[in-house]
Each structure stands twice: as structure tokens, then as C-alpha cells.
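Q: So the chains spell out like this:
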Amino acid sequence: MDLSLAPNAIAMSAQEFLAWSKDVMDQLLTASGAKKAVDKITAPIWSWALRNANYPLHFGVACCALEMAAASGSRFDAERLGMIYRSSPRQTDVLLINGWVTAKLRPDLRRLYEQMAEPRWVVAMGECAISGGPWYDSYNVVQGVDTFIPVDIYIPGCPVRPEAMIDGFMKLHKKIHKEMKGTFLED
Amino acid sequence: MAEMWLNMGPQHPMTHGLWNLRVKIDGETIIQAEPIIGYLHRGWEKLAENRMYPQIIPMADRLCYGSSMSWSHLYCSTVENMLELEVPERAKYIRTIVLEAQRIGSHLMWLAALGTDLGSYTIFLYCVRERELFLDLMQNLCGARLTYNYTRIGGVRNDVPANFERDFTRVLKVFEKRLAIVEALCDESAIFRMRMEDVGKLTAEQAKNLGVTGPNLRGSGVEYDIRKDDPYEAYSDIDFDVCYETGCDAFARYRVRVDEMYESCKIIRQAIKKIPQGPYRVKPPRTAPKGKAGWAHVEDPRGEGFMYVIGNGDDHPYRLKVRSPVFVSVSAAPAYLVGYKIADVPAIMGSIDMCLGETDR
Amino acid sequence: MAQRAGLAAGGKTGEIVAKELIDRFPEYVKITKVTHNRVFAMVDKVGLLNVAKFMKDALDFDHITAVSGVDWLEEKKMWAVYHITSYSNRVTAEMIVELPRDKPEVDSVTPLWGGANWHERETYDMFGIIFIGHPRLERILTPEGTDYFPYRKDFVGGRRV
Amino acid sequence: MNGLFEFAYGLSLWLMQVVAWIFNFIGLHDVADWFTSSGVVYFLTNAVAALIVFIVGFLISITFIWEERKILGRLMDRRGTQVGVLGLFQNFADGLKAFVKEIIIPKDVDIWVYNAAPVILIGMSCMMIGLIPLSPDFALANLQTGLLLIFAVFSIAPFAILIGGWASNNKYTVMGGMRAAGQLIAYEVPLLLSVASVVVLTGTFNLGEIVAQQQNIWFFIPLILGFIVFLTSIIAELERIPFDLPEAEAELVEGWMTEYGGMRFGLIMLSEYVRGYAACSVAVILFLGGWNGPSFIWPEIWFILKVFILFAIFIWVRGALVRVTTKQILHIGWKVLMPLALVNLGIAIAIKMLGWL
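Residue numbers (numbering that gives the first Met the number 0), protein chains in the order written: chain U, 0 to 186; chain L, 0 to 360; chain H, 0 to 160; chain W, 0 to 356.
There could be a bad hint or two in this list.
Claimed, not checked - Within a straight-line C-alpha distance of at most 27 angstroms, the following computed DSS-like cross-link-like pairs (lysine-lysine) qualify:
id, chain 1, residue 1, chain 2, residue 2
1, H, Lys29, H, Lys75
2, H, Lys44, L, Lys291
3, H, Lys18, L, Lys227
4, L, Lys289, H, Lys11
5, U, Lys39, U, Lys177
6, H, Lys55, H, Lys11
7, L, Lys289, H, Lys44
8, H, Lys75, L, Lys291
9, L, Lys200, W, Lys334
10, H, Lys75, L, Lys289
11, L, Lys227, L, Lys272
12, U, Lys21, W, Lys170
13, L, Lys291, H, Lys152
14, L, Lys23, W, Lys106
15, W, Lys170, L, Lys23
16, H, Lys29, H, Lys76
17, L, Lys227, L, Lys289
18, L, Lys289, H, Lys152
19, W, Lys326, L, Lys200
20, U, Lys173, U, Lys21
21, L, Lys340, W, Lys326
22, H, Lys102, H, Lys52
23, H, Lys76, L, Lys289
24, H, Lys18, L, Lys291
25, H, Lys55, H, Lys18
26, H, Lys11, L, Lys227
27, W, Lys69, W, Lys170
28, L, Lys289, H, Lys52
29, H, Lys44, H, Lys75
30, H, Lys44, H, Lys102
31, L, Lys200, H, Lys55
32, L, Lys291, H, Lys76
33, H, Lys32, H, Lys55
34, W, Lys106, U, Lys170
35, U, Lys21, U, Lys170
The set of hints was computed from the structure by calculation and includes no laboratory data.
A quick note: this is a predicted structure, and the numbers were derived from the prediction, not measured.
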């Protein structure tokens, strides 16, 4: 714990003082184990919330986008799992890439990913997003989105059936359950 | 408010698919529009030059995922035209039936997308629900929900399954009732009509000049349907009407498509009754002569689909050109949009029926 | 509509269209094949614009279906292929224009048919065929900064990105 | 003092006596006396009463979200959310998730204004909860001008939307904010005119008295035109489909809230439903007889029941209609609702003068 700066506290600017006090509080909490305890207690709550309120980004790329639409239709009804599509990346948790990514799209997709708030997940849906799929020898198709975005769940299929997509989301729920991030978003 | 450019896309709820509509607006009035496409370009025609003829059929399925059957059929009939191959009668009828079922499915997907564009999630869900009926039929026929890979050069892959006729008749009976409900939901809603009427005007002259085809052309009052005017498959034996409207606006295009769905039901009923016995497929030659060209155009759900193929003397095509109807409809977007409000963009672009997979190829 | 009635009265069939073309432009047009609703023709590069204008104004060809390019690497030539449809006559014509491969330039038909605009842009994008008089000849499908013409036969495909 | 305050007073008195007993036990008699003094107990009474009202209002609003999801799902032939028992926990999952989301403040936003918009919205909504009586016994304040205050607070929302949209540094949000302002012009006048007809009939702005005068006949029967105008304009006020122009999804992405994420977005969503609760309550008070009803259950239950049924109608409208455009809402507001509201006002004056009620 670094308390050496304390005597000079009066000489600090307000912002320096705030940063310093936050630092000291952090160190105190970590050293005393309070942080860990809070994490332990709250982690299941946050994890449950994150699992059951997975908002995917409303972003249709190609074939699998139709199956994404079918999955929210009345036969499959993905909203049962709390999947509510939002159009603004700021409000979403899951980036669902459902099609091939071309050289023209890549920067935009990267930007969408960066606009999303943590914690966020990426689901590569269909062969094209996983590895380029039928366009394996194309001069303009990126061979898999994991070449420029970290992907959490791969859902194979060409195109992916709605059942498979819902299954992929269940797998994502399992992954979130395993991660169990606490209040301070530490392991 | 000063004039400014607004980017609608590539990630925007209005774009079903992936494109970018740049509009210059003055307040909320559009004074200039510029569509930007190419976000899905994968060099389809170049890739086709490196595949054998049968290998291109599943690729053609993925040209437009909303109506994959009509694109794989278009590819097959193009190659048949080049090889001067005669398809058996039974295959022609089966193709007619599945093409019309595909047309209904595609139009339903369009209506669903139009529903979300206008802010009604109910229309979307009703249409998706009814589309499942036809997806089930297709799944029964060839095992896939979306990309069927069903037509073959010289026929179709397999004969119709058992109870094919019964299933289709039952589905059509249910579907016509349910479509009437969806139609009532749209037509009898004053707000829906207010949104759709008198926006996106495109006169017949403009539509012809800009090369707009299909329901968009017929919505502008030109009565031209390739199924009737240059018949392919079994359409010449079947009695049906060409649906057209003289309203020239978004509502007219909506009416044309809904009428076409009823008309498709009529065609399927007749074709099922008339379907003859016999072989469903002939064996095509493996190779095509060098330099021999062939082309075909069909009435895709979105307009005039066209392919142009040149043989290479071996089992690869030398050149395969695809003409996509939406490619032209998108290019006509400025003519549709200029002078209307930003709030009319979803209604207008929704009424055009976009599918960017075939546009960018 | 009046247009369908016009067809029933018997518009211009493929044979009549071919004959009128040959009569009007004997030096430019070479008809290769004719059926009752199809016309296949080779058109000279110099006379393309005149032929197209005649077809549009006198023969009622009001719709351009497609403009495609074909690259003949061995023969050192290129084709610009025009498919033009007449709504009133129900005739589709194929016009092939042969261009030298080292300098593929041809007059644009966009002023006649607005629908040719993007087709020509795409053909330029993919083959590098330059359409003189096109309002805006820019890349359309490929990303900005592309320095190759992907559908030419000497362009080797395969993964690039 | 009404029942709510009596209960709160009893609770705080009991609480303070417990505290006082503890302090007496350890010998701090002065502190114990201070805790049982009337000032402290009075303050605590108010706090407890406010807390109870807030919790009830908050729970009703949360249940509104659930009701909307379920009924909308049923209208669309599906089941809707299934998280927890009957999907009741979906809202809590949404809310808790908003807590852990990263706070993103986009580049070049006006940070103070950007942060102020959700705070104004939620603050205003909470204020509205306090103004609404569930029954004479369950009311925080019995203001003589309660109706005026509620509508004054209501019209703050477009202002918050305008500044929030402007501060977000995004073209879509600016347009959303502008539309909110334009919409305000369209519906506010018919809304207040339809309210005025009730005021003419009753001669008071006091919510309790308005309800008391509906013992015999609910005002939606003589003032059916006003009721229709009121419902239409209040849907516009709440920015729900078909009048959700500021957040028109298809053309403006998420409208004015495009750049809001995490907890700010959660607060905005919550405030929307709190305002929905307030709007339904006002409609029930003005036209549907408030808490009047057969006395075999509590009047509060009657009130809440009516509010939920009214909100179900809003959901039904949302399920059946498509969105209008800016031009059309101005058209509807000035050319349809406005004459109807004036006719309705005339009817109200006639009824009052002829003394039919």
C-alpha cells in the first residue's frame, strides 16, 4: 500500500487527490479481501442478469439473417430467452455476425464491435463468418471474422437453422455462467 | 436546419441486407440520394469460372437467399439454353410449382420486412409465421429450409415426395385465409395507407427508362411479366393474370405483390392438377462447347433475373454473367426518394424489396 | 393496358426487327441468328450509338436488361454484350460489340437508357472497359483503392484479404 | 392525515421508539429524546410514506413492461419472454445487466447535458409517481392544483429529449430531438383541451374531488369524444407506436437515444414506463371514475386494475398499428383532434349549463 503521498495531500490538485484516494481505496479493498468477498457474493447475480438479458445487435448481413428473423418468429421465439434486438450498438451485448465479411465491410464491422460496451460477446453464425465458407477462394471475402474480432461462439451451418442459433445462444449462456464476473469485473 | 449528408447504413434497420444510402437532407426533406453498394461483393462471377457446372448450383442458391430456388433455377435453365437441352415435362411442372411456392415465400419475407420498416412488429411476425408453412413444404421436398439446391441441369434432383399434392393443397387453403388477415391488417389500417400512398412515385416512363423490373415496374402501370410474355417452364399451359397497378406509388407496389401471392396460389393449384407422369430429369453432357453462349431471363420475385453463360470446351464456364433486378432497383433509388421526407425512406425502400446478396454478387 | 392490346394486334417480331436493322445499318450490323422473339447481332463499335438510338426510337426497345463484359485473353479482344428488351413487342435483342483488349473503349448508352448506368459502371469496375460519355464512371462493387480489374482473365483470384 | 400517513406515522414512531429504547438502555437519554421528538418522527413519516408510494409506483411500472411483453407476444401468436416465473424476472435481468455494462461517453458530446437528460427524465417520472393518488387513503399530497402540476411535469419530457438528442453529437439523435419538439406542438393543445372539458364539468383541479364527482357516472360516458382525444394525445405524449417519432427505429436507428448505453439507457426505458403508468392513472382519474368501484375490494386495487386494463389497450394499439410520420402527426393533431376536442369542450359546457350532471 502506497501511503507515502498522504502528507502532501494538501498540495495536490483536486483531480490528483481523487485519483490518489481511489487508488488507496482500491489497494485497501484488495488487501483486506473485501473486494473478493463482494465479487464472490454478487457474481452469481450479475451473471444471471447478463445471461438472461442478452441483447443482440440488429444487424443482418446475408443468408443467416433470414434465419435470425425466423428465430424471432412465433415458431422459435428467441425472445423467450431474453433476446431483444436493439439497433444501436451502444445498447447491445452480442454482435451476431451472420454472413460473409468483405474487405469493404471489415472496417465498419470492427467499428461496430468497438462501439459496443463491455461486457460484449461475438457470435459467428454460419460457415461464411467462421471461415469464409463457400467463398473460400474469393479475392474480396475475409476468411473468417476471427481474423480481426475475437469470437466467442461459432455456430456452424450453411445457413444456420433457427434451432441451431438458439442452441448457440444457450452455449453462450453457459460461457457467461462459467466466466462469473463479479462487481469489479474481475475473475 | 442547414443541408447535411446523412449516412443510412451499412448498419441501419432500414437496410435489409447491407448497403449504405447517403441522403442529403434539408431539414427532413431529401434533396439528393446516393446508394453505395459492394459490402457483400464476393466476386461470384469470377468464382463460378473456377467451378464445375453442377457445383455452381449451390452457389446460385446463395445469390439471393430470399428466393434461392428461382436463382438456382435460372442458372440451370441458362445452362440448358446453352446446351440446347430439353427438360422433361414432369420436371417443368415441378419447377413451376416450387418456383411459385418460392415466390410466395419471398414476398412474405418482403412483407415482413416492410412491417418492421413501418414500425409494426405484428405484420413481421405474422408473415414469418406463414412463411414457415412453405418452408416446411420445401423441407419435405428437398430437406433444406432456405438454400434448396433442388433444381438440376436437365431437371430436378428428386421426384416429389409422397402426399405432395395433399400437403400443398392443405397449405394453400390455410395460407389464403391467413393472408387475407394480414392483408386486412395492412389495407384496412388508415395509417398504413397514409404511410404508403403517394410516396415513392415513379411513373411508367421513368420506370422503363431506369430499367426497373418486376413488381416495381408493374406497380408503375406497365403490364409486363416474363412468365406471360416470354414463357418458360410450364407457364404457357397455365391460366393466370398479370397483376399490375396504376398507382405508381409504394402502395401500388405493395398491392401488386399481395395480388401476386394469390395468383401464385392459383398457378400452383393448376400445376398440381396438370402434373404429368414420366421422368423428372435427363442426363446433361458434362462439358459445353467452347465459345457457345446461352442466356435466359426469368421472372424472379424481385424482377427480371438474367444470366449469360459462355462455354469453355471443358466442364467450367468461361464466363457467367448475372443480372440482378435489385441491382437496378437500387440504382433507381434517387428517382424514388428525392423530394420526400426522411420518414418516408423506410416505406419507399421497403416497397422496393431489397436483397443485397444478388446485388453485390 | 394499351400495351398488351398492341401486342395482340401483332407488333414487330424478331424477324422484322432484324430486317429493319440490316436495312438501316448494313455496314454496322451483322445478324447472326433470329427467332420470333430473339435477335442476335454483332454491332460495330463505331456505329453502336446510332444503332442503339434507332432501336430505342424506331423499334421500341425501351428496356436494357444487362450490359456484360467478356474478356477473350487469347484472341486479344473484349466483348461488351448488350441485352435489350422491347416491352411492347416482346423481343429481346443481343448485341455484341467487339473491342480491342489493349484499349477497350466504347460509347456509353446511359444517355439513352438510364438503366444502363450501373451496369456500365459495374463492367468498368470488373473489366476496365471505358464507356465514353458515362456520367459517373467509378468503382462500384470493389472497395476503394482497388488497383486491379478482377474479372479479367489475367487476374489470378484466390485469397487476398 | 390519510391512511398512508397514519401507517407511516405508526411505523416511524415504532421505529424511533425502538431506537430510543436502545439509547436509553446504554444511557444516552438526550439522544433518545431527540429521536422521539416530533420533528424527527414527522420527517421520517414523510420519508417512509414517499418510499412506499415510490416502491408501489416502481413495481407497477416494472409490471407494465412485463404486461407489454406478454400481451404483445400473445397478439403476435407467441409466448414472449420466459425468464423466471412467467417471464416476470426479465425486467430485473435487464435492469441488473445495465448496472454492469461499461459506461461509454462518446467523443465530443456535451457531457453535462448528455448526462442531464436521463436524470431529468427519471427525476420527472419519480415526481409524477408522487403526484398520483391511488385512493384518498393512498396519496402523498392532496393538491388543489394537482392536475395542472401533473401536466406541467409531463411536458418536461420533450425538453429532456431535445437536449439529450442535441448533446449526443449524432445526426440521428438531433433529428429525434427535433421531432420530439415538433410532436409536442401537435398533441399538447388537444390534450389540454380534452382535460379542460373535465375541469369545466367538475369545477376543480383537485384529483380527489374529480374522482368524488364520478360516483354516479364516469365521465367517459358524457365526454366520450374527449376520452378518445385524450387517449390519442396521451399515446403521443408517451411516444408509443403509432406516435413514436422521436425513436422511430426504421429511419432514425434508435432515435434520440441512439448514443445512450448502459445504465443511462436503462433509466430512459424505466422512465418511459413510469410515464406510461402516470398517463394511465390520469386517464383513469379523469374519465374512468378513479378508484370508484364496488366496495368488496380495496379502492386501490380497483384503481390499479383499471390502470392495467387501460395500458393493455395501449399495447393493443401498438400491436395493431404502424408508425405515422411527422407531417401526419401534425395533420392528425390540428385537423382531427383539435376540432374534436373543441366540440367536446362545447358539450361539456352545455352539460354544465343545463345542469344534467
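Q: Now look at each hint and say whether the structure bears it out.
A: The hints, checked one at a time:
1. Lys29(H) x Lys75(H): Holds, at roughly 21 angstroms.
2. Lys44(H) x Lys291(L): holds (22 angstroms)
3. Lys18(H) x Lys227(L): At roughly 26 angstroms apart (the allowed maximum being 27 angstroms), lysine 227(L) and lysine 18(H) satisfy the hint.
4. Lys289(L) x Lys11(H): violated (33 angstroms)
5. Lys39(U) x Lys177(U): holds (13 angstroms)
6. Lys55(H) x Lys11(H): Roughly 13 angstroms separates the two Cα atoms, so the pair holds.
7. Lys289(L) x Lys44(H): Status holds; Cα separation ~24 angstroms.
8. Lys75(H) x Lys291(L): holds (18 angstroms)
9. Lys200(L) x Lys334(W): Roughly 26 angstroms separates the two Cα atoms, so the pair holds.
10. Lys75(H) x Lys289(L): holds (16 angstroms)
11. Lys227(L) x Lys272(L): Holds. Lysine 227(L) to lysine 272(L) sits at ~20 angstroms (cutoff 27 angstroms).
12. Lys21(U) x Lys170(W): violated (37 angstroms)
13. Lys291(L) x Lys152(H): Roughly 18 angstroms between the alpha carbons, so the hint for lysine 291(L) and lysine 152(H) holds.
14. Lys23(L) x Lys106(W): Satisfied, since the Cα-Cα distance of roughly 24 angstroms is no more than 27 angstroms.
15. Lys170(W) x Lys23(L): OK: lysine 170(W) and lysine 23(L) at ~12 angstroms, within 27 angstroms.
16. Lys29(H) x Lys76(H): Distance ~18 angstroms between lysine 29(H) and lysine 76(H) Cα, so the pair holds.
17. Lys227(L) x Lys289(L): violated (33 angstroms)
18. Lys289(L) x Lys152(H): holds (16 angstroms)
19. Lys326(W) x Lys200(L): Roughly 18 angstroms between the alpha carbons, so the hint for lysine 326(W) and lysine 200(L) holds.
20. Lys173(U) x Lys21(U): Roughly 34 angstroms between the alpha carbons, so the hint for lysine 173(U) and lysine 21(U) is violated.
21. Lys340(L) x Lys326(W): Holds: lysine 340(L) and lysine 326(W) sit about 9 angstroms apart, inside 27 angstroms.
22. Lys102(H) x Lys52(H): Between lysine 102(H) and lysine 52(H) the Cα gap is close to 24 angstroms, so the pair holds against 27 angstroms.
23. Lys76(H) x Lys289(L): With a Cα-Cα distance of about 16 angstroms, the restraint between lysine 76(H) and lysine 289(L) holds, given a limit of 27 angstroms.
24. Lys18(H) x Lys291(L): holds (24 angstroms)
25. Lys55(H) x Lys18(H): holds (16 angstroms)
26. Lys11(H) x Lys227(L): Distance ~18 angstroms between lysine 11(H) and lysine 227(L) Cα, so the pair holds.
27. Lys69(W) x Lys170(W): violated (34 angstroms)
28. Lys289(L) x Lys52(H): Answer violated: lysine 289(L) to lysine 52(H) is near 33 angstroms, above 27 angstroms.
29. Lys44(H) x Lys75(H): holds (16 angstroms)
30. Lys44(H) x Lys102(H): Holds, because 12 angstroms separates the two Cα atoms, which is no more than 27 angstroms.
31. Lys200(L) x Lys55(H): holds (24 angstroms)
32. Lys291(L) x Lys76(H): holds (17 angstroms)
33. Lys32(H) x Lys55(H): Given pair lysine 32(H), lysine 55(H) holds - Cα atoms ~20 angstroms apart, limit 27 angstroms.
34. Lys106(W) x Lys170(U): violated (35 angstroms)
35. Lys21(U) x Lys170(U): violated (37 angstroms)
Comparing the model with each earlier hint shows violations of hints 4, 12, 17, 20, 27, 28, 34 and 35; every other hint is respected.
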